[in-house]
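Taken in order, these protein sequences are the chains called A and B. Number 252 in the numbering used here belongs to position 250 of the first sequence; there are no gaps in the numbering. Number 360 in the numbering used here belongs to position 352 of the second sequence; there are no gaps in the numbering.
Keep in mind the hints are simulated off the structure, nothing from the lab. Beta carbons: idealized from backbone N, C-alpha and C, even for Gly. Hints are not guaranteed to be accurate.
Stretch-level coverage of chain A by chain B, calculated; a stretch enters the list once three of its residues show a Cβ under 8 Å from a Cβ in chain B [said to hold, decoys possible]:
{"#": "1", "region": "189 to 198"}
{"#": "2", "region": "346 to 353"}
{"#": "3", "region": "363 to 369"}
{"#": "4", "region": "407 to 419"}
The list that follows gives simulated cross-link-like pairs (lysine-lysine, DSS-like), each with its CA atoms no further than 25 Å apart [to be verified]:
{"#": "5", "chain 1": "B", "residue 1": "173", "chain 2": "A", "residue 2": "191"}
{"#": "6", "chain 1": "A", "residue 1": "197", "chain 2": "B", "residue 2": "68"}
{"#": "7", "chain 1": "A", "residue 1": "375", "chain 2": "B", "residue 2": "95"}
{"#": "8", "chain 1": "B", "residue 1": "62", "chain 2": "A", "residue 2": "197"}
{"#": "9", "chain 1": "A", "residue 1": "197", "chain 2": "B", "residue 2": "143"}
{"#": "10", "chain 1": "A", "residue 1": "197", "chain 2": "B", "residue 2": "129"}
{"#": "11", "chain 1": "A", "residue 1": "375", "chain 2": "B", "residue 2": "129"}
{"#": "12", "chain 1": "B", "residue 1": "195", "chain 2": "A", "residue 2": "190"}
{"#": "13", "chain 1": "A", "residue 1": "410", "chain 2": "B", "residue 2": "68"}
{"#": "14", "chain 1": "A", "residue 1": "19", "chain 2": "A", "residue 2": "9"}
{"#": "15", "chain 1": "B", "residue 1": "141", "chain 2": "A", "residue 2": "191"}
{"#": "16", "chain 1": "B", "residue 1": "143", "chain 2": "A", "residue 2": "191"}
{"#": "17", "chain 1": "B", "residue 1": "138", "chain 2": "A", "residue 2": "375"}
{"#": "18", "chain 1": "A", "residue 1": "190", "chain 2": "B", "residue 2": "141"}
{"#": "19", "chain 1": "B", "residue 1": "95", "chain 2": "A", "residue 2": "376"}
{"#": "20", "chain 1": "A", "residue 1": "197", "chain 2": "B", "residue 2": "138"}
{"#": "21", "chain 1": "A", "residue 1": "190", "chain 2": "B", "residue 2": "173"}
{"#": "22", "chain 1": "A", "residue 1": "338", "chain 2": "B", "residue 2": "84"}
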Amino acid sequence: MGDTLNKVKITTAFEGKPNARALKTYVDNGGYTALKKAFSMQPAQIIDEVKAAGLRGRGGAGFPTGMKWGFVPKDDKGPKYIVCNNDEGEPGTFKDRYIAECNPHMLIEGMIIAGFAIGANKGYIYTRFEFFEEIRWLEIAIKEAYDAGFLGDNILGSGFKFHLDHYTGAGAYICGEETGLLSSLEGKKGQPKLKPPFPAVSGYLHRPTVVNNTETLATVPFIINNGAAAHKAIGTEKSPGTKLFCISGRVKRPGVYELPLGYPFEKLLNEDAGGMLPGYTLKACIPGGSSAPILTPEELKGLTLDYEAITAKGSMLGSGAIMIIDNTMSMVELLKVTVDFYHHESCGQCTPCREGTGWLANIMGGIAAGEGKKDDIERMNEISARMGGRTICALSDAAAMPTMSIVKKFGAEIADYIERGIRA
Amino acid sequence: MSETVTFKLNGKDVTVPKGTTVMEAARREKVEIPHFCWHPGLSVAGVCRFCMVKVEGRPKLEIACNLQATDGMDVKTSTDDTKAAHKWALEFHLINHPLDCPICDQAGECGLQDYYMSVGKYHSQMTRPKVLKPKTLDVGKDLVLDTERCILCSRCVRFEEEVTKTGALGIFDRGDRAIVGTYPGTKIEHSYQTNLVDICPVGAFTSRDFRFKQRVWFLKDKPATCPGCSTGCSVDVFGKPETRTYYRVKPRQGEANGHWMCDKGRDTYKHLNQENRLRTALASDAKGKVSEATFADAIADLGSRLAAVNPAQDVALLVSAQHTSEEYKSLFDFFVRELGVKKVYQWREPGEKTDAFDGLLLRGDHNANTRGLQDALKEAGLPGGVKNEFDAVATSGAKIVIAVTPEIPWTFPSLERQLDSLSELGFVSFWSVAGSLTTRKKVKHALPLKGFAEKKGTFVNHAGKAAKLEHPFPCTVKDGRDVTEIVAALKQWRQNHGRH
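Build the full structure now, drawing on both the sequences and the hints.
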């Protein structure tokens with residue numbers, strides 16, 4: 003069991019340092035030493051170390067990173083790719099951009115190590131279109147790394163070749179889904195690919211590809227430098243390490259907090275974020291980004307912020323977004339903006355998602371316009387139930403889960419709204 | 009021997025080659041799994057999410073089209089769960105569908121209608137306004153596109169990518185605003201566009217030719233072989249026997265053509281309709297006046313003329329390669345073997361490029377039975393070799409020419425000119441499907457032939473594969489006969505008149 007209260011800084015270690023993003027700052031503070039260490043290890047050893055560290059994907063799904071790397075066929079001599087998913091689009095999430103702001107080289111170092119581990123000589127960072135500043139910072143950092151010999155044909159005399167390119171999305175949420183991202187990277191319409199085959203076998207350009215979240219990759223140098231045990235010592239048994247949490251809503255100090263997994267929710271809200279703003283009370287919280295089911299104050303009592311504890315409450319840790327819903331917010335409006343978002347972002351490939359997201363938005367539009375019908379709530383519940391688990395990617399589930407939870411937990415408020423026929 | 013796997017499909021052990029999907033296996037076993045986006049001739053898209061099946065021991069339902077059967081897998085296609093999934097998948101497909109079946113050409117052969125009856129039968133829960141999309145779009149000369157009816161199964165997009173390799177179609181925008189269409193400023197230009205109408209499981213793509221002509225449930229379809237070129241695509245001919253009218257030709261899955269056919273081949277029903285046909289025989293009376301005649305009178309006219317000459321010298325056959333092998337056999341058995349006719353000429357389009365091939369299906373040899381004619385010539389002891397001997401007829405010195413005319417007008421651009429020059433010759437008996445003969449004053453004798461959809465027989469395609477015509481429609485022309493029947497009637501006339 004690790005420490006769930008000790009605020010170790012891993013991915014935000016350079017927060018607040020002058021010239022935090024500069025290569026010199028990073029190298030002066032022990033940057034790129036993990037890379038040198040990695041070159042002294044066997045690729046399989048690195049994968050084992052990451053597995054032993056218990057690192058789980060920080061993008062939302064929490065899939066074990068080492069295992070994902072292990073799926074890449076070892077005897078395949080053709081090109082392989084490592085792709086950084088920096089298309090941070092989950093509503094309520096603003097952590098990956100913070101890494102580009104504080105520690106771009108930590109991400110780059112993590113990618114080179116990951117490339118070395120899986121045998122990829124080429125990497126891509128895929129950044130969300132709207133992150134104008136971050137895009138610039140990342141491109142500067144890549145150039146710095148090339149100039150210093152950390153990227154290129156023979157990195158630090160190791161004989162390992164690794165090239166890194168930066169690619170910008172065109173503003174679609176769906177391109178944060180790993181195969182949607184790969185389609186976009188290939189220059190196609192950003193639509194998730196049918197699985198199987200999975201990207202580790204057939205990904206970018208039909209070649210073995212690993213797609214990892216920015217925060218995940220930025221954690222890798224720490225694990226290589228300090229060993230799996232040091233990582234395991236932080237957080238909980240099943241959710242080791244630190245996580246960037248993005249707390250938003252009417253709290254005193256909203257922002258990004260790097261905290262050990264298993265950190266108490268109430269401590270984050272009341273101490274780190276300073277509690278609710280005066281005059282506001284906690285009505286609900288959406289952990290993990292807008293795709294996660296909503297939790298009531300009852301459910302939030304004693305909740306710890308780790309994968310298992312939040313799953314046990316019927317929601318998910320997701321991307322680490324903590325969206326605080328206060329007493330002044332209407333659940334009708336909340337649900338409407340949520341389903342409108344998924345309606346807008348559904349790629350339209352799979353029928354249940356294409357039609358379901360539109361249908362939910364259509365019904366919520368009616369309710370918000372004062373044209374709601376009594377059975378709309380039940381209907382939304384049923385539509386959502388038929389949207390989940392039926393599609394190529396999880397966007398359909400991401401629209402269905404919050405809808406079902408809001409309808410279930412705050413149905414009375416919506417029913418009252420419908421009954422009175424008020425306009426939002 | 010290739011590897012096989014054995015799995016359970018609805019409790020029954022099924023053995024299939026390794027790599028076979030549950031959808032393919034089910035199709036082979038005649039187990040219906042509802043689907044829209046899957047098509048046997050296209051890649052797997054897995055987007056309609058209709059073909060949900062239950063695999064015992066797995067938590068979620070899975071799509072049969074992308075599920076490879078493995079040893080011991082236990083698949084069920086009709087559990088309470090799958091039935092509910094199918095019903096809901098259909099409901100999702102239909103909520104924004106305009107339900108304009110009464111004015112939709114697809115009605116009667118529409119996936120949405122058929123599945124509503126087999127797996128749907130619910131009361132729609134859609135109470136909100138539907139998404140509206142562009143209608144009656146001109147995307148190609150043979151097509152009309154209604155994006156509102158479209159269910160975005162992407163079959164058409166994959167067809168353009170994988171079959172014609174033109175990539176002419178795309179899906180634009182996203183979510184429920186997504187529409188199928190061509191790229192700005194472009195249209196579908198190739199000559200395989202009507203396949204899109206066939207593979208479209210709903211009424212999004214309709215055929216400009218067939219549109220609003222007839223309700224499909226009034227039509228009868230019979231299997232045949234396309235007579236438009238030497239590929240010999242398997243087709244279904246759709247007609248309405250009560251009114252003796254043909255409406256369309258569609259591809260049927262076959263060895264020569266897979267699932268497709270070209271747009272040229274689609275036109276091979278048009279010449280069969282009455283307005284384009286030679287409707288009655290023409291013959292001369294005792295005074296030499298040419299008029300419409302009964303079949304018997306026309307046979308008598310021809311029979312007596314043949315009886316009055318020396319066939320070896322005075323009779324020539326001019327034979328096109330668009331008729332069945334059986335017809336050629338009876339023709340040569342009678343004229344060559346029995347009467348001793350020596351002047352047999354092949355009738356082909358001048359300047360044709362028989363080796364041309366468009367890379368997909370359409371061949372430069374626009375005759376369905378070039379190989380069959382060659383075989384029959386050989387068997388009759390005549391010199392073969394594909395060549396156009398049309399011009400030889402005029403200088404042959406024959407007094408009687410039997411002209412077994414090409415059936416399909418569009419395959420013979422020179423046909424009208426050739427008919428003109430033939431009718432200048434002494435006595436030509438035209439055996440023909442096409443009707444333009446009757447407008448020629450100089451034609452002295454004609455016998456109406458049955459079309460390809462109206463007779464039994466065999467076409468041998470470019471690769472030597474024989475395809476049988478076995479299910480004829482009744483001939484739309486009362487006196488229509490095939491060559492074999494005409495020859496039999498001539499023989500009968502000769503017997504009756506003591507000449508055999």
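Starting from residue 141 of chain B, check that the Cα of residue 191 of chain A is at most 25 Å away, please. Roughly 21 Å separates the two Cα atoms, so the pair holds.
Between residue 197 of chain A and residue 129 of chain B, is the straight-line Cα distance small enough, at 25 Å or below? 32 Å, violated
Would the hint linking residue 375 of chain A and residue 95 of chain B be met if the CA-CA limit is 25 Å? Given pair residue 375 of chain A, residue 95 of chain B holds - Cα atoms ~23 Å apart, limit 25 Å.
Is it true that the CA of residue 197 of chain A sits at most 25 Å from the CA of residue 68 of chain B? Since the Cα atoms of residue 197 of chain A and residue 68 of chain B sit roughly 14 Å apart, the hinted pair holds (cutoff 25 Å).
Verify the proposed pairing of residue 62 of chain B with residue 197 of chain A, using a straight-line Cα cut of 25 Å. 17 Å, holds
Would you say the region 407 to 419 of chain A counts as covered by chain B, given the rule of at least 3 residues with C-beta under 8 Å? It is violated, with 0 qualifying residues against the three required.
Assess, step by step, whether the Cα of residue 190 of chain A is no farther than 25 Å from the Cα of residue 173 of chain B, and give holds or violated. Satisfied, since the Cα-Cα distance of roughly 17 Å is no more than 25 Å.
Take the C-alpha atoms of residue 197 of chain A and residue 143 of chain B, compute the straight-line distance between them, and say whether it is at most 25 Å. 34 Å, violated
Given pair status - residue 84 of chain B, residue 338 of chain A, alpha carbons within 25 Å: Status violated; Cα separation ~38 Å.
Can you confirm whether the C-alpha distance between residue 173 of chain B and residue 191 of chain A stays at or below 25 Å? Distance of about 18 Å is within 25 Å: holds.
Are residue 190 of chain A and residue 141 of chain B close enough, with their CA atoms no more than 25 Å apart? Distance ~24 Å between residue 190 of chain A and residue 141 of chain B Cα, so the pair holds.
Need the status of pair residue 375 of chain A, residue 129 of chain B: alpha-carbon distance at most 25 Å? Since the Cα atoms of residue 375 of chain A and residue 129 of chain B sit roughly 23 Å apart, the hinted pair holds (cutoff 25 Å).
In this structure, the earlier hints numbered 4, 9, 10, 20 and 22 are contradicted, and the remaining ones agree with it.
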